[in-house]
Amino acid sequence: MQEKKEKKEKLGDIAKEFIYGMAAHDMTRYALKTRSSMEHLFILITMGDLLGVPILPPYYSLRLLPYVVPQISTWKRRMLREKDLTDALF
Amino acid sequence: MALVDFFTECPDIRYIMYGGKGGLGKTTFSAATAYYLAKKGFKVLIFSVDPQASLSDIFARKIFGQGEVEIMPNLYACEVDADKRIKAYGDEIRKKIMDMYGFETMPEEIENYMKAASAEPAMEESAIFDAVVDIVTKGGYDYYIYDLVPLGHALYYLSMTSVYDAWINKISALRYEMGKYDKVVATVQSKKETAEDKILEELLYIKERINASSRILTDPKLTAFFFVLTPEEMIILDTAKAAELFAKFNVPIRGFIVNRVIPKKLASENIPQYLRNRIQMQEGLLARIDSQFGSKVMGCVPELDRDVRGLEMIEKMAKEMFGKR
Numbered sequence: 001m002q003e004k005k006e007k008k009e010k011l012g013d014i015a016k017e018f019i020y021g022m023a024a025h026d027m028t029r030y031a032l033k034t035r036s037s038m039e040h041l042f043i044l045i046t047m048g049d050l051l052g053v054p055i056l057p058p059y060y061s062l063r064l065l066p067y068v069v070p071q072i073s074t075w076k077r078r079m080l081r082e083k084d085l086t087d088a089l090f
Numbered sequence: 001m002a003l004v005d006f007f008t009e010c011p012d013i014r015y016i017m018y019g020g021k022g023g024l025g026k027t028t029f030s031a032a033t034a035y036y037l038a039k040k041g042f043k044v045l046i047f048s049v050d051p052q053a054s055l056s057d058i059f060a061r062k063i064f065g066q067g068e069v070e071i072m073p074n075l076y077a078c079e080v081d082a083d084k085r086i087k088a089y090g091d092e093i094r095k096k097i098m099d100m101y102g103f104e105t106m107p108e109e110i111e112n113y114m115k116a117a118s119a120e121p122a123m124e125e126s127a128i129f130d131a132v133v134d135i136v137t138k139g140g141y142d143y144y145i146y147d148l149v150p151l152g153h154a155l156y157y158l159s160m161t162s163v164y165d166a167w168i169n170k171i172s173a174l175r176y177e178m179g180k181y182d183k184v185v186a187t188v189q190s191k192k193e194t195a196e197d198k199i200l201e202e203l204l205y206i207k208e209r210i211n212a213s214s215r216i217l218t219d220p221k222l223t224a225f226f227f228v229l230t231p232e233e234m235i236i237l238d239t240a241k242a243a244e245l246f247a248k249f250n251v252p253i254r255g256f257i258v259n260r261v262i263p264k265k266l267a268s269e270n271i272p273q274y275l276r277n278r279i280q281m282q283e284g285l286l287a288r289i290d291s292q293f294g295s296k297v298m299g300c301v302p303e304l305d306r307d308v309r310g311l312e313m314i315e316k317m318a319k320e321m322f323g324k325r
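Chains as they are written, first to last, in UniProt numbering: chain P, 1 to 90; chain R, 1 to 325.
Hints were generated in silico from the structure; no laboratory data involved.
This structure is a prediction, so every number in the text was calculated from the model and none was measured.
Treat the hints loosely; a few may be bogus.
Said to hold, decoys possible - For the chain R half of the interface with chain P, some residues (derived, Cβ under 7 Å), not all of them:
hint, residue
1, Lys96
2, Ile97
3, Ala117
4, Met123
5, Ser126
6, Ala127
7, Met178
8, Leu204
9, Ile206
10, Glu208
Cβ coordinates follow ideal geometry from the N, Cα and C atoms, glycine included.
Using the sequences and the hints, build the whole thing.
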């Protein structure tokens, strides 16, 4: 009985993930992509000095620095890399 | 309106600023006003953020970087040491980063960034800005007298408020927008709660500080800005120009005070031609100041026989400014 229930639940999960993959995954991916672009834009307008873009009140942007430390290297790579055809594809 | 009536007629005023070209007597007037109000029983803080501040000089005491120093009962003076403040602040941020991520030392890239940012002139300006926000929002005094830096710089400082205002409003809006995307993702993936956005929290804190300061400095009920000028042609021209510019940034200009007027009664005495010519020149220019600024001229203060330094001379100056009451 217990086993049966577990199996049922597992089946339900698989179905749920399948439907999610078909219907919503793309949406999520798109939302996350937009979100990450915004994140990079945000870091640019607060931490732009890192790339040589002067930022207005450095005293205040320094307050935000601790929260973006992990993102800084990916952000720099993205901001400074050259763009090519694959950018349009992904 | 004479300066002496101003404070009784506008009891809500809490922030007082004297502005003008360098060396015309801003610090002297600030100190004398502080003295006058303190003697009347109000608790007064006179403060300066200029790295070459002159409060230490006028009160003949070491004030720079010492916090709020009591000069006499009810009168406190404060000169902010911006460099010290930036250093302490940088250390605080470093500690936060190392605590948050369990680093033993700072990552080189971040450390370099912090060093570069701290060396920028804009850093000092924004640090000073924040120091002033601290002072004016903390409370505890009846009057705050802001010993400003010379004209151009003061204008820059005052306009900074509106620029920062725009900056912070824009980025908090962007951050808020980003939060919406987080929510969309969370809903679609049927997760319960999105993680709290610490950055948005910080932004709202910064925003509150910047907005508070711009609210205060442009509120004509709370803040009074006085121009200091002397009867000299160039100074009158520059002051008129500056007044126009300041008005554009919503600085509540309440009046003009003329300093260094040579006492007219000297003319009846036996004085050298040199002095007589100066008096005559000043008379003409005073008439011009009257026609140009009219009812906004709140007083003429004579040239004293000695430099204003130390409480005794400040008292004398206060008597000249506010009448002998």
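Among the hints numbered above, which are violated by the structure, and what are their numbers in rising order? 8 and 10
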